[in-house]
Amino acid sequence: MISTTPSPAAFTASGPLTGRVRVPGDKSISHRSLMLSALAVGRSTVRGLLEGEDVLATAAAMRAMGATIVRGDDGVWTIHGVGVGGLLQPQAALDMGNSGTSTRLLMGLVASHPITATFTGDASLSGRPMGRVIDPLGLMGADITSSPGGRLPLMVRGMCPAVPIEYRLPMASAQVKSAVLLAGLNTPGITRVIEPIATRDHSERMLTGFGADLTVEIDSDGARVISIRGEAELKPQDIVVPGDPSSAAFPMVAALLVPGSDVVIENVGINPTRAGLIEVLQAMGGDITLINERVVGGEPVADLHVRHSPLNGIEVDPAIAPSMIDEFPILFVAAALANGRTVTRGLEELRVKESDRIALMAQGLAAIGARVIEAEDGLIIDGTGGEPLPGGAPVAAKLDHRIAMSFAVAGLVSAANVMVDDMTPVATSFPQFASLMTSLGAQIS
81 MISTTPSPAA
91 FTASGPLTGR
101 VRVPGDKSIS
111 HRSLMLSALA
121 VGRSTVRGLL
131 EGEDVLATAA
141 AMRAMGATIV
151 RGDDGVWTIH
161 GVGVGGLLQP
171 QAALDMGNSG
181 TSTRLLMGLV
191 ASHPITATFT
201 GDASLSGRPM
211 GRVIDPLGLM
221 GADITSSPGG
231 RLPLMVRGMC
241 PAVPIEYRLP
251 MASAQVKSAV
261 LLAGLNTPGI
271 TRVIEPIATR
281 DHSERMLTGF
291 GADLTVEIDS
301 DGARVISIRG
311 EAELKPQDIV
321 VPGDPSSAAF
331 PMVAALLVPG
341 SDVVIENVGI
351 NPTRAGLIEV
361 LQAMGGDITL
371 INERVVGGEP
381 VADLHVRHSP
391 LNGIEVDPAI
401 APSMIDEFPI
411 LFVAAALANG
421 RTVTRGLEEL
431 RVKESDRIAL
441 MAQGLAAIGA
451 RVIEAEDGLI
461 IDGTGGEPLP
471 GGAPVAAKLD
481 HRIAMSFAVA
491 GLVSAANVMV
501 DDMTPVATSF
511 PQFASLMTSL
521 GAQIS
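Heads up: the sequence shown begins at 81 in the working numbering, then just goes up one per residue.
Please note: incorrect hints may appear among the correct ones.
Here are the in silico distance ranges between beta carbons for each label pair [to be verified]:
id, residue 1, residue 2, range
1, Arg237, Glu346, 39 to 47 Å
2, Arg237, Asp457, 34 to 42 Å
3, Arg431, Thr158, 38 to 46 Å
Don't read these hints as lab results, they were simulated from the structure. No residue lacks a Cβ here, since even glycine has one placed at the ideal position from N, Cα and C.
Work the whole structure out from these sequences, hints included.
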């Protein structure tokens, strides 16, 4: 797992960023491809899997519950599944590292199987609340014992047969939705999730691709009603994972901000439930062109051609938040260099991510000279109009990979370098971040 020895790095203003790059596979799709392949009967393959620490934690957990998962020398992963209902009792606690997605989705899988699993994680993950998943899984019959505040370590005792439920999400959360749907796979009858605000739909697309009986309807209130028929039999698949739009966000924003930059980011997933950042940056004046648009494995994909361009501050519609929730930290950096004021609201979810991303971004941006006001549910940022930030101060990532990478990009557009206290968490989602950025011309020491 991730090293516990901090690895600081300084990021310095550089010349134009140029070149063609390809970011790692989509983290959300990588997690789900391993889980569903492990529940299929037969042999599945996955190409382009993100080989970051979070996804490797999912692979280890599925192996512990009976699946055979092997990485070939050609980078293709082969999975022999145990079938829905066939998960085995793990012999030791499942160490989720820093991965909230692994934890919440695997809790859903275990909840409807006749097994008991203990989930542990690192200090950051152990501080994140799991109550939003515990509640609906408890309604389905799972017995979940957690640490105070609904946190890890926790134990899930699955119920088989579990009870099908109709669950209306109290907040927009693809992880909660997916946990309930995955529990519904081995639950007799129909399990329904009602989603008032649409979130990323990778679970629905992939479950359908594996052969699950799943339907999506829109009710009279405009909410999505997702129904899955349990005791499913999943068919093995050959999956190609597109590039992660959340990882593409960092070179994309860097290219917009560093004068003279001209970058192409290849093979990026542009699923509408994930493409909010592109829409917002284009609304701010960002020169981002989608080229070679295509569909790969049921997911829309494109190459992104990004050129340096002056940005203008805007008021970001809170309704777009679910489609870019992980990208707000890097958007805050873009806003700090824009012309005028950017206002973001409706981002309470950011306070319970790997860190309190609203507070950490406000503190770090202020330390390097940005003008920022912290609100309970977002940030208000008055940009420099394209002038470099002063920089020259260290920032703390607090074990959060997206905070670390966001301030790395900020260092590229600061007069004095920006020292990020620890870049090791970046291995959870984007192990090649530093080498990719230096290949474009970024200065890192």
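Check: Falls inside 39 to 47 Å, the C-beta gap from Arg237 to Glu346?
Finding: holds, 45 Å
Margin query: Quick check: does the Cβ-Cβ distance between Arg237 and Asp457 fall within 34 to 42 Å?
Written below: Holds: the Cβ-Cβ distance is about 36 Å, inside 34 to 42 Å.
Notebook entry, point to check: Between Arg431 and Thr158, is the Cβ distance one that fits in 38 to 46 Å?
Noted result: Distance hint for Arg431, Thr158 holds at roughly 40 Å.
Checked against the numbered hints above, the structure breaks none of them.
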